[in-house]
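Guided by the hints, dock chain X onto chain L, whose structure is given.
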Amino acid sequence: MSFPWAEQYTPKNAFMRYMDERLPLPRLVYNAVGAGYPVPRNLNYFWNFGVLAGAALAIQIVTGIVLAMHYAANAGVAFDSVEHIMRDVNGGWFLRYAHANGASMFFIVVYLHIFRGLYYGSYKAPREMVWLLGLVIFLLMMATAFMGYVLPWGQMSFWGAQVITGLFSAIPLVGDVIHTWLLGGFAPDNAALNRFFSLHYLLPFVIAAVIILHIWALHIPGSSNPTGVDVKGPQDTVPFHPYYTAKDGFGLGVFLLLFAGLLFFAPNYLGHADNYIPANPLSTPAHIVPEWYFWPFYAILRAFTVDIFFIPAKLLGVIAMFGSILLLFFLPWLDKSPVRSGNYRPKFKMFFWILVVDVLVLGYCGGAPAEEPYVMISQFAAAYYFAHFLIILPLLSSFERTLPLPNSITEAVLAKHGGVDPSADTQTATAE
Amino acid sequence: MATLEHTEPAATGTPEDGVRRRDFINIAAVSFAGVGAGVIVLPLVNQMNPSADVLAEASIEVDVSAIAEGQAIKTMFRKQPLFVRHLTATEIAAADAVPVTSLRDPQSLEDRTKEGKRQWLITMGVCTHLGCVPLGAGEGEVRGEFGGYFCPCHGSHYDTAARIRKGPAPRNLEVPEYSFTSDTVVQVG
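As they're listed, the protein sequences go chains L and X. According to the working numbering, the first sequence holds residues 1 to 432 in order. According to the working numbering, the second sequence holds residues 1 to 189 in order.
The shape of chain L in the complex, shown without the other chains:
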């Protein structure tokens, strides 16, 4: 793990020496997020989002645990217990709004983290495992967020659960059996609410465990960087602490400011008014939409309106929706270009931004009612999404003429700042 020039952990006093020989936990932390982890010196602010996602998960776990002290997972009282949290529990409104908006903030930073990876080719060898584990975390996050949204047992909770579990009934032959098994009944009810609460409490800890694997896999080759050029020597890296703890700390401050702005000034902006109506199995809200972070996938689901051959439209939509995420698991092998960073791939860069716009368009359509022109726009946008990964990226890797790469990270940094950085010289000298 890590580079040979990484700083070595030395216990500073007798107690730490005693601990180091018995449980070297401080050593582990030092090597993972301390001075013992050498990081490329040229990381930009897009490299903050991993740490921010970790912070967002920590906020969700802490606020979630205290909310669970007041929430009752029973279809008869769940809605009232949430209102009890909002009105009676000391500071309950703050905790619940922090948890609900914290989920949105979590998805915002994770989406930026994913698009950072897409642009800078962070999924490429030797970091494929980092990418795959990240996708596992993303899937777990989506499951957790969906089940969490069901817990207040409002109209959107209930009908969201009805629609999303209904996706499984599209599976041929065994679909209805699986649907009933998932819900523990024929429609969302107490059994479903209870199991969703149980799993909603469990999965964040599973996510935390997969994050440890994600970081472990990352620290084998070390962090990538905006040039995509491998680290060649000590002059290319700086210790994680204090350089990136400080940079991440600044990013964390900005993140918390934006979070606080949302939480204190627009806590219901991203929610749906319908969820303040208790669940009613006899009345469907006129316009069922999931939370904003599912909109692009919801648009793909609804893009299929006609049967193709013998496959019903509903099944096609479900396959396409799950396929749009499963596809990303194959990305490291679909994009074969040896150049990692989009900075040196002019055509890729253009298509990357088209993909960003395409996903935003899908997101907009997913939040809009299922009528024209949104359905047709979703169909084109969904087709483009798949074409980007299955056609454009493989073709680009063979035909694109990339720009010349810098010889090293240090060379790129010095060229950018137009001159010789004296500290770089000192570092090189020390290394020699």
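Careful: at least some of the hints might be erroneous.
Stated by the list, open to error - With a cut-off of at most 20 Å between alpha-carbon atoms, the simulated SDA-like pairs for lysine to any residue come out as follows: (1) X:Lys79 x L:Ile277; (2) X:Lys74 x L:Leu282; (3) X:Lys79 x L:Pro281; (4) X:Lys79 x L:Pro278; (5) X:Lys166 x L:Pro369; (6) X:Lys166 x L:Glu371; (7) X:Lys79 x L:Leu151; (8) X:Lys166 x L:Val306; (9) X:Lys79 x L:Asn194; (10) L:Lys12 x L:Gly34; (11) X:Lys79 x L:Asn190; (12) X:Lys79 x L:Asp176; (13) X:Lys166 x L:Thr305; (14) X:Lys166 x L:Glu372; (15) X:Lys74 x L:Pro281; (16) X:Lys166 x L:Phe310; (17) X:Lys166 x L:Ile308; (18) X:Lys74 x L:Asn280; (19) X:Lys79 x L:His179; (20) X:Lys79 x L:Phe186; (21) L:Lys347 x L:Ala387; (22) X:Lys166 x L:Pro373; (23) X:Lys79 x L:Leu167; (24) X:Lys117 x X:Ser182; (25) X:Lys166 x L:Leu315; (26) X:Lys166 x L:Leu316; (27) L:Lys416 x L:Asn44; (28) X:Lys79 x L:Ile178; (29) X:Lys166 x L:Tyr374; (30) X:Lys79 x L:Trp181; (31) X:Lys79 x L:Asn280; (32) X:Lys79 x L:Gly184; (33) X:Lys166 x X:Arg143; (34) X:Lys166 x L:Ile311; (35) X:Lys79 x L:Phe168; (36) L:Lys347 x L:Pro394.
For the record, the hints were derived by calculation from the structure and aren't laboratory data.
For chain X alone, coordinates are given in the frame of chain L:
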């Protein structure tokens, strides 16, 4: 360790065919543990199936005598809405006029009602697309382009036999198992 392995074949006495008693014991023990683990998983999976109290409510009786021609009621069956509709002669004629083979889910009104009771259309009020409750059973609700039911979620239109005619739903509204216990009482489930 090394010494132990050297002495073992001689001790078990079957070195020729390469299978030792210990190999058999290993495979047997691991297989047995595997079967045990499989058996333990069974109740853990099965606990998620509908419990006895949910299944106990799986059958209801409906008195249809108060439903006038052209009217419909919504009731609950297995925690889901159930539509009971008294079709008018025009509605029955409209349903019969459609060639069955032209439908997405080909069924005639006969297939979907009981013999001699074809004016009673009893279906689940659950859209076969993603499970929303279609409109059309309540007083003054939109009945869609074909005069039956209309699902507001994703725009599925059902006709007067509750058959899917337009929109994303793959199947007709489900007809639950039911029977007339008397002229005016229906047992569903």
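So, going through the hints one by one against the coordinates:
Note on Lys79 (chain X) and Ile277 (chain L): the hinted pairing holds, with a Cα-Cα distance of about 19 Å set against a maximum of 20 Å. The hinted pair formed by Lys74 (chain X) and Leu282 (chain L) meets the criterion: a straight-line CA distance of about 8 Å does not exceed 20 Å. The straight-line distance between the Cα atoms of Lys79 (chain X) and Pro281 (chain L) is roughly 8 Å, inside the 20 Å bound, and the hint therefore holds. Restraint check: the Cα-Cα separation between Lys79 (chain X) and Pro278 (chain L) comes to about 16 Å, which is no more than 20 Å; the hinted pair holds.
Of the pairs offered as hints, the one joining Lys166 (chain X) and Pro369 (chain L) holds, with about 17 Å between alpha carbons and a cut-off of 20 Å not exceeded. With a C-alpha separation of about 13 Å, the suggested pairing of Lys166 (chain X) with Glu371 (chain L) holds against the 20 Å cut-off. About 18 Å separates the Cα atoms of Lys79 (chain X) and Leu151 (chain L), which keeps this hinted pair within 20 Å; it holds. Under the criterion of a C-alpha separation no larger than 20 Å, the hint pairing Lys166 (chain X) with Val306 (chain L) is consistent with the structure, at around 10 Å.
Restraint check: the Cα-Cα separation between Lys79 (chain X) and Asn194 (chain L) comes to about 16 Å, which is no more than 20 Å; the hinted pair holds. Straight-line distance between C-alpha atoms of Lys12 (chain L) and Gly34 (chain L) comes to about 15 Å, which keeps the hinted pair within the 20 Å bound. Proximity of Lys79 (chain X) to Asn190 (chain L) is assessed by CA-CA distance (about 11 Å); at most 20 Å being required, the pair is judged to hold. Distance hint between Lys79 (chain X) and Asp176 (chain L) is fulfilled; the C-alpha atoms sit about 16 Å from each other, no more than 20 Å.
With a C-alpha separation of about 10 Å, the suggested pairing of Lys166 (chain X) with Thr305 (chain L) holds against the 20 Å cut-off. Taking the CA atoms of Lys166 (chain X) and Glu372 (chain L), the gap is near 15 Å; set against the 20 Å cutoff, the hint holds. Our distance criterion of 20 Å between C-alpha atoms is met by Lys74 (chain X) and Pro281 (chain L), whose separation comes to about 11 Å. Of the pairs offered as hints, the one joining Lys166 (chain X) and Phe310 (chain L) holds, with about 17 Å between alpha carbons and a cut-off of 20 Å not exceeded.
A C-alpha spacing of about 16 Å is found between Lys166 (chain X) and Ile308 (chain L), which places the hinted pair at or below 20 Å, so the restraint holds. The straight-line distance between the Cα atoms of Lys74 (chain X) and Asn280 (chain L) is roughly 13 Å, inside the 20 Å bound, and the hint therefore holds. Pair hint Lys79 (chain X) plus His179 (chain L) holds up; C-alpha atoms about 15 Å apart against a cutoff of 20 Å. The suggested pairing of Lys79 (chain X) with Phe186 (chain L) holds, with an alpha-carbon distance near 7 Å, which does not exceed 20 Å.
With a C-alpha separation of about 15 Å, the suggested pairing of Lys347 (chain L) with Ala387 (chain L) holds against the 20 Å cut-off. Taking the CA atoms of Lys166 (chain X) and Pro373 (chain L), the gap is about 17 Å. The hint holds against a cut of 20 Å. For the hint linking Lys79 (chain X) to Leu167 (chain L), the alpha-carbon distance of about 19 Å falls within 20 Å, and the restraint holds. This hinted pair checks out: Lys117 (chain X) and Ser182 (chain X) have alpha carbons roughly 12 Å apart, not beyond 20 Å.
With a C-alpha separation of about 17 Å, the suggested pair Lys166 (chain X) and Leu315 (chain L) falls inside the 20 Å cut-off, and the hint holds. A distance of roughly 17 Å separates the Cα atoms of Lys166 (chain X) and Leu316 (chain L); the hinted pair therefore holds under the 20 Å criterion. With a C-alpha separation of about 13 Å, the suggested pair Lys416 (chain L) and Asn44 (chain L) falls inside the 20 Å cut-off, and the hint holds. The suggested pairing of Lys79 (chain X) with Ile178 (chain L) holds, with an alpha-carbon distance near 18 Å, which does not exceed 20 Å.
For the hint linking Lys166 (chain X) to Tyr374 (chain L), the alpha-carbon distance of about 18 Å falls within 20 Å, and the restraint holds. For the given pair, Lys79 (chain X) sits about 15 Å from Trp181 (chain L) by alpha-carbon distance, which is consistent with the 20 Å threshold. Our distance criterion of 20 Å between C-alpha atoms is met by Lys79 (chain X) and Asn280 (chain L), whose separation comes to about 11 Å. Of the pairs offered as hints, the one joining Lys79 (chain X) and Gly184 (chain L) holds, with about 12 Å between alpha carbons and a cut-off of 20 Å not exceeded.
Between Lys166 (chain X) and Arg143 (chain X), the direct Cα distance comes to roughly 13 Å. Compliance with the 20 Å bound is thereby established for this hinted pair. Distance hint between Lys166 (chain X) and Ile311 (chain L) is fulfilled; the C-alpha atoms sit about 17 Å from each other, no more than 20 Å. Restraint check for Lys79 (chain X) and Phe168 (chain L): satisfied, since their Cα atoms lie roughly 19 Å apart, inside the 20 Å limit. Restraint check for Lys347 (chain L) and Pro394 (chain L): satisfied, since their Cα atoms lie roughly 13 Å apart, inside the 20 Å limit.
Violation of the numbered hints given earlier is absent; every hint is satisfied by the structure.
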